[in-house]
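In order, the protein sequences belong to chains C and A.
Sequential numbering from 36 applies to the first sequence in the working numbering.
Sequential numbering from 5 applies to the second sequence in the working numbering.
In short, the hints are calculated from the structure, not lab data.
Worth double-checking, as some hints may not be accurate.
[Stated by the list, open to error] Derived, one-sided and incomplete: chain C residues facing chain A with beta-carbon distance under 10 angstroms:
hint	residue
1	Leu58
2	Tyr83
3	Trp92
4	Ser157
5	Pro231
[What the hints assert, rightly or not] Each pair of labels, with its calculated beta carbon distance range:
hint	chain 1	residue 1	chain 2	residue 2	range
6	C	Gly272	A	Glu139	13 to 21 angstroms
7	A	Leu55	C	Gln200	22 to 30 angstroms
8	C	Val230	A	Leu55	32 to 40 angstroms
9	A	Asn105	C	Gly272	19 to 27 angstroms
10	A	Pro216	C	Gly272	31 to 39 angstroms
11	A	Pro72	C	Met148	56 to 64 angstroms
12	A	Leu282	C	Gly272	54 to 62 angstroms
Note that beta-carbon positions come from the ideal geometry of N, C-alpha and C, so glycine has one too.
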Amino acid sequence: MQMPRSPRSTIVFAIRLLFVVVLVLLFFLPMFWVVMSAFKSETELVQYPPRLFPKLWTLANFVSGLKFGNFGLFFWNSTVVTVTSTIITVIISTMAGYAFAKFDFPGKTVLFMIVMATLMFSLEIIMIPMFLTLKQLGLLNNMWGIIIPPAATPTGIFLIRQHMQTIPDELIESAEIDGAKEGSIFLRIMVPLSVPAISTLAIFSFVWRWNDYLWPFLVINDDSMRTVPLALANFVGQYSVRWGDLLAMTTLSIVPTLIIFLFFQRYFMQGISTTGLKA
Amino acid sequence: MRRRKLSVIPYLYILPVFVIFSLFIIWPAVEGFFQSLYRRGIIVRADIPTLRAHFVGLANYFQLFQDPRFYNALWNTLLYTIFAVPLTIAVSLGVAISLQNKFNGIGIARAFIYWPSMISPIIIGIAWRWIFGYETGILNYLVRLMGGKAVPWLIDATHAFASILLVSVWAQTGFFMVIFIGGLNAIPQVFYEAASIDGANRVQRFFRITLPLLKPTTLLVLVLTTINALKVYQQVVVLTQGGPGRATVFLVQNIYEEAFTRPFGVGYASAQSFVFFLMVLSMSLFQFRLMREER
Chain C
36 MQMPRSPRST
46 IVFAIRLLFV
56 VVLVLLFFLP
66 MFWVVMSAFK
76 SETELVQYPP
86 RLFPKLWTLA
96 NFVSGLKFGN
106 FGLFFWNSTV
116 VTVTSTIITV
126 IISTMAGYAF
136 AKFDFPGKTV
146 LFMIVMATLM
156 FSLEIIMIPM
166 FLTLKQLGLL
176 NNMWGIIIPP
186 AATPTGIFLI
196 RQHMQTIPDE
206 LIESAEIDGA
216 KEGSIFLRIM
226 VPLSVPAIST
236 LAIFSFVWRW
246 NDYLWPFLVI
256 NDDSMRTVPL
266 ALANFVGQYS
276 VRWGDLLAMT
286 TLSIVPTLII
296 FLFFQRYFMQ
306 GISTTGLKA
Chain A
5 MRRRKLSVIP
15 YLYILPVFVI
25 FSLFIIWPAV
35 EGFFQSLYRR
45 GIIVRADIPT
55 LRAHFVGLAN
65 YFQLFQDPRF
75 YNALWNTLLY
85 TIFAVPLTIA
95 VSLGVAISLQ
105 NKFNGIGIAR
115 AFIYWPSMIS
125 PIIIGIAWRW
135 IFGYETGILN
145 YLVRLMGGKA
155 VPWLIDATHA
165 FASILLVSVW
175 AQTGFFMVIF
185 IGGLNAIPQV
195 FYEAASIDGA
205 NRVQRFFRIT
215 LPLLKPTTLL
225 VLVLTTINAL
235 KVYQQVVVLT
245 QGGPGRATVF
255 LVQNIYEEAF
265 TRPFGVGYAS
275 AQSFVFFLMV
285 LSMSLFQFRL
295 MREER
C-alpha cells in the first residue's frame, strides 16, 4: 500500500486498512476473549451483559486449577515429554539428514523414499495396531511411549538434509586432508554450520510435542501421567465443566508456544514456506 | 557427493531413525493389515474360547458394506471434506492476497493470523466451546444484541457440523496463508506490470495471471487440506464429542470406538483403518507426483 495522494486514494487506503484491521481482529479476538475470561471470577464469567476486560482481575482460577486440578503435575509431565522428545528428534534427525545429504551408499534412494513414505502413516491411520505394538513392547501407560515413537519425523530429516546439501563438499574434503576423523567432521563442521536448520527443527518439534493430543490419548491411562492437552480434554469431558479453572489452565498452556512464537516468528514462516510440511 | 567407498558409517547415522520407523510405523502398518483379516478383540488369549482370534479372510471388509455406523462416519467425513477444502483454500488465499502488499505492520498482521496454527486443536476446541456457549457464550450475546435469537451452535446437528467447519477453517487459515504468500511472491512482478500497461483490470489480472501461475501452490494446498480434512477428529474431541447423536462422528473417531468399545472390534476397526489408509494414500501419491513435477 502506498501513501495516499489524492482524496480518492485516501478513501481506498482507509477501506483497505479497515479491512486488514477487521481481519486481524477476527483471528485475534477469540483467543483474547478466552485469556481475558481466565482472569474473571466465577460470578463475572456468567455475568450479563459480559465485559471484555475483567472488572476485578483475579488469579483465583489459576490457583485452583494448579492446586486442585493437579495441573502443576500435568505441566511438569508435558515439559518432560516435550523437552526429551525434542532432544531425541534433533539428534537423530541431524544424524540421518547428514547421511542422506553427504554420503553415497547402496540403498540410499530407497531408504530415503521409505523415510518420505512414512509421512502417509500418521497416527490416525495406524492407531489400532500402534496400540497393540506399544502393548507388546510394554510402552503403554509409559512416558517413553509418547516420547520415542513420534521422535523420528520425516519432516525433520528432510529439513536437515535440504540444508546440509548446501554445505560445500570441499569443506569436508579439506578437513579430511587435515586428518579429521568422521565424528569430528560431523560435530565440528556439519553441526555448527547447520544451526539455522537445527533450530528450526527444534522449535517445530517443541510445538508439535507440546500440542500433541493423539499420542498421549492412546498411550496414557494413568491420571498422574497425563500431559496438558490430555488433561484439558478430560476436564471438558467431566459432567459439569468448571469454566474458570479450565480457561485459566488453557491460558497457561498457550504461554510456552506464544513465547516461542514471539521470538522465532520468522523461523516458522520460513520453515513452512520452504518445506510446506507439517508434523 | 563424497565417500564412494563402501562404508558402514552412513548406515550407523541413519540407524536410530530406522529403528523407530521399523518398530513404530512399518511394523504396525503391516500388522494392521493382517489384523483386518481376523475377528478379534483387544485381548487375545488362546486358552479362553471367547478371547480367541479367528481368521475370517475378507469378512471384515464385507461387513463394512452393511454397517450404518461406518456409512455415517464415511458420509460425515466426505461431506466435511467437500466443504472444508474449498473454504480453507478460498479464505487463506483471500487473506494471503489482502496481506500481500508490503506496508507498515504487515508482519504483525500476518503473525496475528498465523498464530492460531500454533495452538493445539484441543485448546482451540476449548476456546470455541466457550465462545459458542448457548446461554452465556459471547457469540450468542452478540446475536441477541443485534436482535437475533440465540443460535444452538453445538446443540443442533446441522449447526454443530457447521461450527466445526468454521473452527477448522479459522484454525488452518494462517498456515495456508503463509504457503500462499510464498507462492504469490514467486510470481514475477513484470507480468502484472505488462498486464496493467495493456489495460487489464484487477479482476482480469487475478484470473489471467495470479490463478494460473499459482497453480502448483494451490494444488499442494489442495492435497494438504484434503488429507487434513479426511483425518478430522481432534477438533471434535472438545467441541461436540461426536454429537449430537452421531452427527459429527468422523472416520477416525469411529475407528477408535469400534476397536476399544465393541467386542471383537479390533479386526473390524483394522479393516476400516485400511480403507481409510487407501483414501489418504491416493491423495499422498497425488502430492508426491506434484512435488516431482515441480522439480
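Here is how each hint holds up against the structure:
1. Leu58: At 6 angstroms from the nearest chain A Cβ, C/Leu58 passes the 10 angstroms test, so the hint holds.
2. Tyr83: Holds: closest Cβ of chain A sits about 8 angstroms from C/Tyr83, inside 10 angstroms.
3. Trp92: violated (18 angstroms)
4. Ser157: At about 7 angstroms, which falls below the 10 angstroms cut-off, the nearest Cβ of chain A leaves the hint on C/Ser157 intact, so it holds.
5. Pro231: violated (18 angstroms)
6. C/Gly272 <-> A/Glu139: 13 to 21 angstroms: Since C/Gly272 and A/Glu139 have Cβ atoms about 20 angstroms apart, the given range 13 to 21 angstroms holds.
7. A/Leu55 <-> C/Gln200: 22 to 30 angstroms: Roughly 53 angstroms apart at Cβ, these two residues miss the hinted range, so it is violated.
8. C/Val230 <-> A/Leu55: 32 to 40 angstroms: Cβ of C/Val230 to Cβ of A/Leu55: about 54 angstroms, so the range 32 to 40 angstroms is violated.
9. A/Asn105 <-> C/Gly272: 19 to 27 angstroms: For A/Asn105 and C/Gly272 the Cβ distance comes to about 45 angstroms; the hint is violated.
10. A/Pro216 <-> C/Gly272: 31 to 39 angstroms: violated (48 angstroms)
11. A/Pro72 <-> C/Met148: 56 to 64 angstroms: violated (40 angstroms)
12. A/Leu282 <-> C/Gly272: 54 to 62 angstroms: Hint violated: Cβ distance 32 angstroms, outside 54 to 62 angstroms.
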